Each structure stands twice: as C-alpha cells, then as structure tokens.
Amino acid sequence: MFLELFYGLRDEGVPVALQEWMTMLEAVKRGLHGSNLLRFYHLARACLVKSETYFDAFDRVFARVFRGVEGTLDLTDEVLEWLRDPKNFPRLSPEELAALERLTADELMQRFLETLAEQTERHDGGDRWIGTGGRSPYGHGGQHPTGIRIGGAGGGRSAMKVAGERRFREYRTDVALDVRQIRVALRRLRQLTRTGLATELDLDETIDETCRNAGEIELVFRPPRRNDVRLLLLMDVGGTMEPYYEPVSQLLTALHEERGLREFRPYYFHNCIYDHVYTQARLIRANAVPTGNLLHHLDERWKVAIVGDAAMHPTELLEPHGGINPHSTSPTPGIAWLHRVAGHFQRAVWINPDERELWDRTHTTRLIRRLFPMFRLSVDGLGDAVQALVGARV
Amino acid sequence: MGEPNGFHRFKGTPSYIASGPLVDAVNCAVALERPLLIKGEPGTGKTLLATHVAEGLCMPMLSWYIKSTSKAAEGLYVYDTVQRLNDSRFGGGNVADIRRYIKLGPLGRAFAAPERHVLLIDEIDKADLEFPNDLLRELDEMRFTIIETSEEVIARERPVVVVTSNNEKELPDAFLRRCIFHYIEFPDAALMKRIVAVHHPNLDTTLLDQVLIKFYWLREQSELRKKPSTSELIDWISALLRAGITPDQIEAHIPFLGALLKKEQDADALQRHDLKGGRYPTRWSELGPRYNQ
Chain A
227 MFLELFYGLR DEGVPVALQE WMTMLEAVKR GLHGSNLLRF YHLARACLVK SETYFDAFDR
287 VFARVFRGVE GTLDLTDEVL EWLRDPKNFP RLSPEELAAL ERLTADELMQ RFLETLAEQT
347 ERHDGGDRWI GTGGRSPYGH GGQHPTGIRI GGAGGGRSAM KVAGERRFRE YRTDVALDVR
407 QIRVALRRLR QLTRTGLATE LDLDETIDET CRNAGEIELV FRPPRRNDVR LLLLMDVGGT
467 MEPYYEPVSQ LLTALHEERG LREFRPYYFH NCIYDHVYTQ ARLIRANAVP TGNLLHHLDE
527 RWKVAIVGDA AMHPTELLEP HGGINPHSTS PTPGIAWLHR VAGHFQRAVW INPDERELWD
587 RTHTTRLIRR LFPMFRLSVD GLGDAVQALV GARV
Chain B
190 MGEPNGFHRF KGTPSYIASG PLVDAVNCAV ALERPLLIKG EPGTGKTLLA THVAEGLCMP
250 MLSWYIKSTS KAAEGLYVYD TVQRLNDSRF GGGNVADIRR YIKLGPLGRA FAAPERHVLL
310 IDEIDKADLE FPNDLLRELD EMRFTIIETS EEVIARERPV VVVTSNNEKE LPDAFLRRCI
370 FHYIEFPDAA LMKRIVAVHH PNLDTTLLDQ VLIKFYWLRE QSELRKKPST SELIDWISAL
430 LRAGITPDQI EAHIPFLGAL LKKEQDADAL QRHDLKGGRY PTRWSELGPR YNQ
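In the order they appear, the protein sequences are chains A and B. Its first residue numbered 227, the first sequence is counted upward by one per residue in the numbering used here. Its first residue numbered 190, the second sequence is counted upward by one per residue in the numbering used here.
A couple of the hints might just be wrong.
[What the hints assert, rightly or not] Under the rule of at most 30 Å between Cα atoms (straight-line distance), these lysine-lysine pairs were calculated in the BS3-like manner:
#	chain 1	residue 1	chain 2	residue 2
1	B	Lys-465	B	Lys-452
2	A	Lys-255	B	Lys-451
3	B	Lys-451	B	Lys-256
4	B	Lys-315	B	Lys-465
5	B	Lys-451	B	Lys-415
6	B	Lys-228	A	Lys-255
Since the hints were made in silico from the structure, they are not lab data. Nothing here was measured: the structure is a model prediction, and the numbers come from that model.
Using the sequences and the hints given, assemble the complete structure.
Okay, here's the thing in structure tokens:
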C-alpha cells in the first residue's frame, strides 16, 4: 500500500526520490505519525513533497491510495496527453453524423465525467472513449456535432464547450512559478567582468605588493566583478502574437525584474522590423524610434533577443513597403533590416512561441531561421537561447 | 498515543500558535535530524517559528540572515587575513597562531557548541542559486574542515536547522531532498482569532468580528497587488485600539488603511471602490460560503 503511494506520486509527476521515501519510512518507524491517518498524511507530505505546487497532486494520490476513493474527476495532464495528437481519420458521412445522438450540454458533461472515470489508457478512434479523431462526443479533433473539445486548438466549429479552458484557469495560479522558472533560466545571462571604479580590496595582490615593499602595507584595490551583459529585446506584438500574450508578458516581467543586467532595453514591432521600432506596445508615431539609430547607438556587444512567431505573409518580409501598417510604410524590405540587425550584433537569437513543428511549415520562418538561431519560448528553450547569447561559440 | 524514544517535543509556545501539522513537521525534523524548510506567504511567522522552536525545546538559538552577497563558506568560518596582516605589521599578538584569525560563522558556532542549538537560516532564497548546494555536505555530515589549520569541526550535538524561503528562487533538488518541508498556509478565521487573542487578549468580540470580516474581504479582492498579512492585521488592530475605534465606526469604512495596504496602487483601488459607492461587508455570510461561521 505504501509503495502504491510512492509510485502514484511519481506517476503524477511529483519528484519523489528514494531518499525522501526512506526519510518517511524512518519517521513512520519512529512512530511520529502517532498511528493516526491525518497525522500520517501531514507527515508523509512533509517528507515527500517539497513544493506547495504539488500539494494538490499529493492530495489526489493520497485519497486514492488510502481511502479507496478515486482521484477527483479533473482534467489531468494525462487526458490532454491522449488528446494532443489528432489522428486524421476519414471524414464521417452526413448520415453517420446524424446517427450520432445529439446531447444537451449538461448530459454531455455528465457523460464526459463518467467516461473519464472509466477510462484508463490512451484511445484513438472508436466511438465511446475520450480520444482523438473518433466519433465519440468527447475529445479532440472529433466530428460529433455537439462535442466537447478538450484542450488543443479550435480546429472544428462544432465544439460547443471548450472543457480544456477550465484546466488553464487552474494553472493560472502557477504564474508566479513560471516567472520564477524563467528567472532561473535568465540568471545565466551573465558575463562577469571587472570594469569601473576600483573599490574592492584585492587580497592576493595586496600581500604580493606588501612583500615587495618589505613589509610596509600596500593596499591594492580592484573593480568589483559585475555583469556586463546589455540586452536589447525586440518584441512582436499584436495579430498572430495575441495568443501568446501570457508567456510573453511573463518573459517581460522576469526581464524587468532581472537586476543583474547592466542595461536592458525593450522595443516593440509588428510582424517584422522595418524603419522604426517602438518604445511602447502601442505602435504609434510618438513612440517610434528609427531602427537605424538603434544600430548606430548600440555597439556590437549588445545581446539581441527577438521575440516573435516569424510567421507572416512573404510580401511583409521580402517586398519594399511590405509592412501591413499603412501609416508607416518603409522602402526597405523587412528582410534587409533583419540582415542588418543580424550583421551588426555579435550575438542575436530569435525566440519563437510557436511549436517547433510549425517552424518549417512557414516560408518566412524558414528564411528567418537562416539569419538567427531560433529557440522556442519555453523554460528549456530560454536556457538554450541564453547559452547562445553568452556561452562559448560552438 | 505512544511517545517513543523520549526526545523533547515541540508543542508550540504560549505566544506562538502553531497548527497541528506544523508541530508534527517540527518534531519530525528534530527526531530525524533533518533541516526543516519553511515556506509560506510573507507575514505568516516563518522567521518567528525558529525563535519559538528554540524556546519550546529550551535550546539556545543562532541566526544566520542570508543576503544576496552571502557565501556558504561564511556560515562556517572566515579567515581574517587583513587583521593578521595588520598584526604582523604593527605587532598585535601572536601572528604565528592562525587560529586566532579564524572566526566561526553561525553554522560553525552551532557545530562547535557543546549543547544542541537551534540554527535559523533565514531567507535562503536571497542568496545565489548555488548557495544551498554548497552547504549540502556540511548539513549532511555536520562537520567541516578549516583548511588553513587542517582542524576539523565536528558537531557534538546536531543542531535543529530551520530554513525559511520566500520563493524568490527555485531551490536545488538535491537540497530539497534532504529537507522536511512545511508550507505555512494562511490561517483561517478560527485560527486567526486565536492568534489575535495572543496579541490582544481582551479584544471586544464584535469588534474582532468586524475587523476580521474587513480583513478577509480585503484579501479576497483580486485587484490588490499585495495582500495584507497576519502581522499587518495585528498592527492594524493595535492602531484601532489606540484610537478607540468602536465596532460601528468600522462597519462603514476602513480606518488606518495604511497599516494594511502598503502599495499606492492598492490604496487607489480601494478609493475607486469607495467612489463607485461600493460598500463593505459587515457579516461573515457576505464573504461567501467558505467563511460561514
């Protein structure tokens, strides 16, 4: 029974290692739980779970293991995992669609919860279980006229309730955690150098000089080590970037709070960089800064991170006056400006919030990837991007 | 219930109300000789806990307040080379004796002490990311070597280590695996009444109810950037008592708002609520089902 708790927690993604498990067994052996289930619950949680974000998962597993009660009928990541990949099943005929029973919203939700409780593994096709590409009213990429869609992108129109949204709202409470993870990734954005005023006592050098000076103390000072990274952030806003508002704003929050950077300047653009970039997310003329000035003022040691989906109409990238904002057209095509940016700075990266699989499907993304190393806007991707900005050249 | 191996048990102290799970976590850490990691919202008494653990267990306490510049080695010892250099130049005592220039840090002193100490490592997340990792071996084995004199400091009595974190940084997994973890949840109304009673024993019950209703209502407001905490509530009640505020006065508006809200935007948000003619709740039932008494 105890082992069930251990593996149950690991299955839920709670990082429990053997060491913590032994700690708990030791505590139980000493009778610290006082043979009381509630106190055992708290004891086990204190020994096994090391972050309040996993408390919920612990509660579910504990309830399942120790009371024979099923975990709450919630949208778990597992369900979303089943549904992530819609298989392309042959289109259903209108007769088949009509044959499927039409359910009301409440009935549908009820049946969904019941089915979820029964289901134990990933399921594709068929017409009863939750899965992808089937005729069951529950799942993703299905064709039931009144189906519930779980997670994923809204491909079909018939999904009348996006059940997945509930899950995302719950995850909103983890925003602080995400910003923290981003901050941890950004912490490596450092190049320590000694520049500026000599205010720190250099002990080794002082001893050396004192010896040279026949014991007469000679204090030697040096400038303290300081982060020398200056970061220029160029952000695509509006339009296709709208769905990524949340992760992008988290990145911006983390960067603004990152005190370690020597200098940090964010600018905004829409779809592609042309003659002007903007100091505010509202791209109006009052906020405009000529891109040429930026290149003129910032030397090549500035690190550049461009955040954008790189997906646009080819003319926006390649043609003169290609920008979609009619008030500020520019005779220089966007690709030329991107060339200049890539050529001017020693290190520049492109951070793309789109899924990696989508990158090769868009013509403009392929072109831009030739100019900038591209990384995904995720905790891991950011780590790699930071490595590309300050790490050793590979 | 059985109380085996008769070690001192922490039960809370008269001036610190600890919940059952917290008491269990403390005792677990004491019995297993593991560091106790405490997290929780600011103002829930994380730092205070260590003082009261020391008081409850009748042990002396050492504190190590971590700053962003703190180094793990400083907790063990510091070799004061500058003093030694100075002494060698101006002749101040026996320079040959390096031990005179080794100054033990809080962790080192807790190890070297003859009796068992409570050691508070406060706000460990303020330091560099690698800081907790640098302490792993010392906290595990409770011993370290002073390189300059090749002396080994071994803890005679393993100290009770209380570590607090404000979640500013993710702590390394290897460090977390060694800890007993407790998250101090924000106290519910019933526990809060007991906590307030410790600080303000003779508070009028109708006033207390009104105060708590306003307090929990404020915390429920999603516009607020910084929710008021327990310690701010205690301060606020002190202010109300000094001014002799009656329960009726507090029903209509919230006096001494500055004691609760510390951000300009938050005070503005509440002012907007006032201007829109918003009213404040006066009964627990108005706060929703969670607060039904």
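| field | Violating hint indices (sorted, rising) | value | Violated hints: 2, 4; rest satisfied.
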